[in-house]
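**Student:** Sequence:
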Amino acid sequence: MGHPEHGDGSLEARGEVALARLALDAGDLAHAAGHLAEAVVHDPQQPDVHEALAELCARAGGAAAARAHFPLDGQVYLGALVCRAHVEAAAGDWDNAVGLLAAAIGFEPARPWAHAAWLAREDLPDLVDPQSAAEAVPRALGGLPDPLPEEIREAVRPFDAFVRAAARRHPDHALLLALASGLVRRTGDTAEAVRLAERAHRLAPGHVAAVMLGNALRAHGRPDRALAVWEAELARDPSDSHLAVDVAELYGATGRPAEGLRWLDGVLAAEPDHPKAAPARHGLRHRIDGGTAHLLALADHHRDHPDHPYAADLLAHLTRQLPWLGAVPGGGEATVNVLRRLLESSPPGPDGAPVFAVSHLEAPSAVAAVRLALPTARVAFREVPEPDPRLPLRPVATRVWTWRGAEPSPAVPPPSAAAAELVRDTAEIVWPSPPAAYDHAVRLAGLDPEDLVAVLAHPPAPRADDLGRALLAHQPELWVRAVQSFACLGLAHHRTDQPWEGSRRRAILLDLLLGPEDWTVEAAGFALVAVAWTHPGARTDIAERLVERLHHAAAAARSREVAMLPSLCALVLACPWADPAALDLARRLTAAAPAPAAAPVAEGTGATAPRRGLLRRLFGRR
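In case it helps, my numbering puts the sequence shown at residues 32 to 653.
Please keep in mind that the hints were generated in silico from the structure rather than gathered at the bench. Glycine residues also receive a C-beta, built at the ideal position from the N, C-alpha and C atoms. Hints are supplied without guarantee of correctness; some may be wrong.
The following label-pair restraints were derived from C-beta to C-beta distances [what the hints assert, rightly or not]:
1. E290 x Q529: 47 to 55 Å
2. I319 x Q352: 15 to 23 Å
3. G499 x R152: 44 to 52 Å
4. P78 x A448: 42 to 50 Å
5. A301 x D338: 15 to 23 Å
6. I319 x Q529: 38 to 46 Å
7. A259 x A301: 21 to 29 Å
8. S447 x G286: 52 to 60 Å
9. Q352 x A85: 45 to 53 Å
10. R287 x R402: 50 to 58 Å
11. G436 x R589: 20 to 28 Å
12. A95 x S163: 13 to 21 Å
13. P611 x E438: 37 to 45 Å
All chains should be modelled from the sequences, with the hints used to inform the complete structure.
**Tutor:** Here you go:
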């Protein structure tokens, strides 16, 4: 089923209606129907569309005859489906009208298909056969998220009202009550969902009613009762392996993952290639064992079974906002802390030139973040600590920064405008998983590596959308780190026809990883982790290089602050195949990490304690 892109399409809808009327005047009903199908997709509530549709029915000799102009065989266009629903309603075939409109809702639920005058008729529940009403509900449910976001809830509201009214009109139709429970549950009315499902289960205690009752009870905060209903149903009929997976995962969600494993073991014994059981098992093992081994196993499962999307969905859920696995972490430098305080308290006007006076040299990228948000600001580092963070671990051919004493500056010229814009359009601060971030960055594969390295030192401004403006105003360092991460992911895609060993992409990323202390070290480390998660053959090499960097940082941390140490620990822990001693070191360093040091006062800022940032509110961070 196809449909065009749409936004606020009222103007386009009126244009299509005008063309439809011209076709009607010429007696070309087929072309008129095509234009009306386009119009209704652009604006489902446009009165002119419905008036012209009524005119088409009249010219066709009645609504029944007009059906032929909106056929439902073969590839069905979404607009034709919606028009056919309205024509069926005009013809008095309410069963088909409701079913077709439900199908449109399921295909694109955010559109207001259900806001049709005929669907709001008070007598419609008397006109629609209850079995047809019941069969219409799953057509809509197939595309509805659970629970419904507010904007979709409003789009679906008239259909929900009809289904509730039909359930009231036919209180003894068990299937209608059970399926209505599924729709009502998604709107957040879990108490009513339980009531409907319980009555359905009493009337006809079959499989559908049991499944829907368990779903309603779970949503209503009664998981043990839901488990009892589902386990009783599986004892009666053990054939629904997907229900067994739901039982297992509900045990996991209620803090009893070990009890869920036996259900999954049973499913896998009978169906080794079950699309959800193996991923669910990795999810439960992750709840039990922690770490990243089972997260990696989910990524491997999805790579080996691309037809099992549940593995990727579950991985995205489990890695949500985890440092590097699902989101770029913030910087811990004193420079960043001062920048946040200044932005949250009293951002200077265009004539302001704040001076950040920081005791020890920090990541040059932190200076880039300051200048991104406050172009006139000056950052002054008073001394260079030992061991010297400006020195690479080995001689490197790729250099991002140069120093004059303690003052860093880019060692590379700015990137081309086209490269900067493509990275700007690609970078994200959150992602579903390392392989997903790696795949998203493939669009950067054609950029010259010199341009991608240049982006590291000359990050473009955030995108001109709500998130971009919030980042620039509150946490510009997240954007800089995101840009650098995706630039490094772009480097990871350079000449992938070359074997990993000996490739230019490997050489550049290792130069960055083993170069001077900076956010670019972390960005390169993340790109290497993403490569390793995606290409198992590179895992041993990449883990060894990350561990080398961690050992160096840990040694330096004995005598001075190493702001990137927690991030390096997270990157090593993202390599569960690494040397066990290195993994243990990363865990110990993570556990021993002190609370962030108080930021020094920046001269000339008048900074006060920061408010909770907008981005923390947006992403649920505390």
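**Student:** Could you check the hint for me, namely that G499 and R152 are 44 to 52 Å apart, CB to CB?
**Tutor:** The hinted range 44 to 52 Å holds for G499 and R152, with Cβ atoms some 46 Å apart.
**Student:** For the hint 21 to 29 Å, verify it against the beta carbon of A259 and that of A301.
**Tutor:** For A259 and A301 the Cβ distance comes to about 23 Å; the hint holds.
**Student:** Taking the Cβ atom of I319 and the Cβ atom of Q529, is their distance within the range 38 to 46 Å?
**Tutor:** About 40 Å separates the Cβ atoms of I319 and Q529, which means 38 to 46 Å holds.
**Student:** Taking the Cβ atom of G436 and the Cβ atom of R589, is their distance within the range 20 to 28 Å?
**Tutor:** 25 Å, holds
**Student:** Return holds or violated for the Cβ distance of A95 and S163 against the range 13 to 21 Å.
**Tutor:** Because 18 Å falls inside the window, the suggested range holds.
**Student:** Range first: 52 to 60 Å. Now tell me if the beta carbons of S447 and G286 are that far apart.
**Tutor:** 53 Å, holds
**Student:** Can you tell me whether the CB distance of A301 to D338 sits inside 15 to 23 Å?
**Tutor:** 19 Å, holds
**Student:** Is it true that E290 and Q529 lie within 47 to 55 Å of each other by Cβ?
**Tutor:** Cβ of E290 to Cβ of Q529: about 49 Å, so the range 47 to 55 Å holds.
**Student:** Are P611 and E438 spaced within 37 to 45 Å by their CB atoms?
**Tutor:** 42 Å, holds
**Student:** A range of 45 to 53 Å was offered for this pair. Does it hold for the Cβ distance of Q352 and A85?
**Tutor:** 52 Å, holds
**Student:** Do the Cβ positions of I319 and Q352 conform to the proposed distance bound of 15 to 23 Å?
**Tutor:** 21 Å, holds
**Student:** Can you tell me whether the CB distance of P78 to A448 sits inside 42 to 50 Å?
**Tutor:** Holds - the Cβ-Cβ distance for P78 and A448, about 47 Å, lies within 42 to 50 Å.
Consistency with the previously given hints is maintained throughout, with no hint failing.
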